[in-house]
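Work out the full structure, taking the sequences as your base and the hints as a guide.
In short: position in the sequence shown from 1, add 4, done, that's our numbering.
These are computed hints drawn from the structure, not numbers from a lab. Just so you know, nobody snuck in bad clues.
The calculated SDA-like cross-link candidates involving lysine to any residue, where the alpha carbons are at most 25 Å apart (straight line), are:
(1) LYS222 - ILE404
(2) LYS312 - LYS356
(3) LYS343 - THR315
(4) LYS79 - LEU310
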Amino acid sequence: MSSFHYEAISSSGERSNGVLEASDRGEVMRLLARRGLQPFAIHDAVEMTDRKTSSDKNKGKSEKAVRTAKATGIKLSRAQVIQFTEELCDLLGAGLQLEQALHAMENRSAASSRDTASSLRARVRDGMPFSTALAQVSPSFGELYCNLVSAGEASGALAPILQRQVRYLNQMEALRSKVTGALIYPAFIVFSGVALAIVFVTYLLPKLAVLVKNTQGKLPPVAQWMLAASDVFRGWWWLLLMLVVLAAVTIRVLLQDKARLLCWHRIKLTLPIYGPVLRSRFEVQFLETLGNLLVNGLPLNRALELVKRATMNLFLRDRLSAVEAMVGDGGSLSRALEKTEVARPLVVDMIKVGEQTGEMAETLQKAATRFDNQLSKLIDRAASLIQPVIVLVMAVGVGIMAWMMVSVVYGTMENLRHR
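Rendered as structure tokens:
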């Protein structure tokens, strides 16, 4: 038998610690579960002689593990992360302890969740904090996720925090789906139009040219230009392909420079139609993420840092760094956002209301819901503008090709009639 020092939380959120005699960590877990305690740290009592050093070393371990997670970890899609969180949340809400919930998921979950639960359970049984285990098992959980779990472990409210995280993940997934769904139809139309043009230029037009040549006719000027382009494309397609690849590689290399990439991200925000959608999407994500972090008990400065890391646009991320610095110096969030012009005045006004009422988290989440509805309308409006333009361009292109074919056939028939 060995002595194990434990730290645990009761179902009421009360923290406790002590020493138990057991054969291994698994038995300690079972003994604590019988007492209705959820352990978040178990150490061999022999190792407690250098506890202070170990504590300093492990401080912030969850955050470091997220940043250094190896590519060999279990890769999960967004949908799989949501499914895993929902299952775990349901089991914890039913009254199971964390280790028991993970054990249940090993037996009834999908393959990806089963492997994840098995790896997590092994680490939790060894006394590792759940947030640290998440970071080590799969980089797909991300730093935001792991920090929220860490806050849940510290407060004894892991299940409620996971419930809010499920809602947040579903909202972010719905936001991505809105933007992606609005682009599917225009992309299909463009692809179909380009494919039709390639078939016409490389196959149909040369056939018509042979027909016209045999009847001593003459192609229209537009057809002659397209036929010349067809000859170039068929004879030098490999060179054109190399030029396209070279251009793509050049652009990629140029955008490796942070200053150029930041400039490009700033330009994207000013593009017509796309720019307003991009900025509105950022505002919804900013409000929802920050509200989710604050309602789960994270301090404002730490929450801003995590929101900044979750922002993909480098220009906006740079502006958020300035906001974080101003708030760290004692300034208000609304004033910092107003100075840096990260968000629209209406967003800033909503945040001011939250600061004045002392209900910042709730105000941010309500504002996120409101602006999410506005984003849906903006995406619908952008799609309603883009789709007719694309259809009109495609109609003009198809019309030109149809006119060309009819005129060539008509001219050929006229030549045959006068021979």
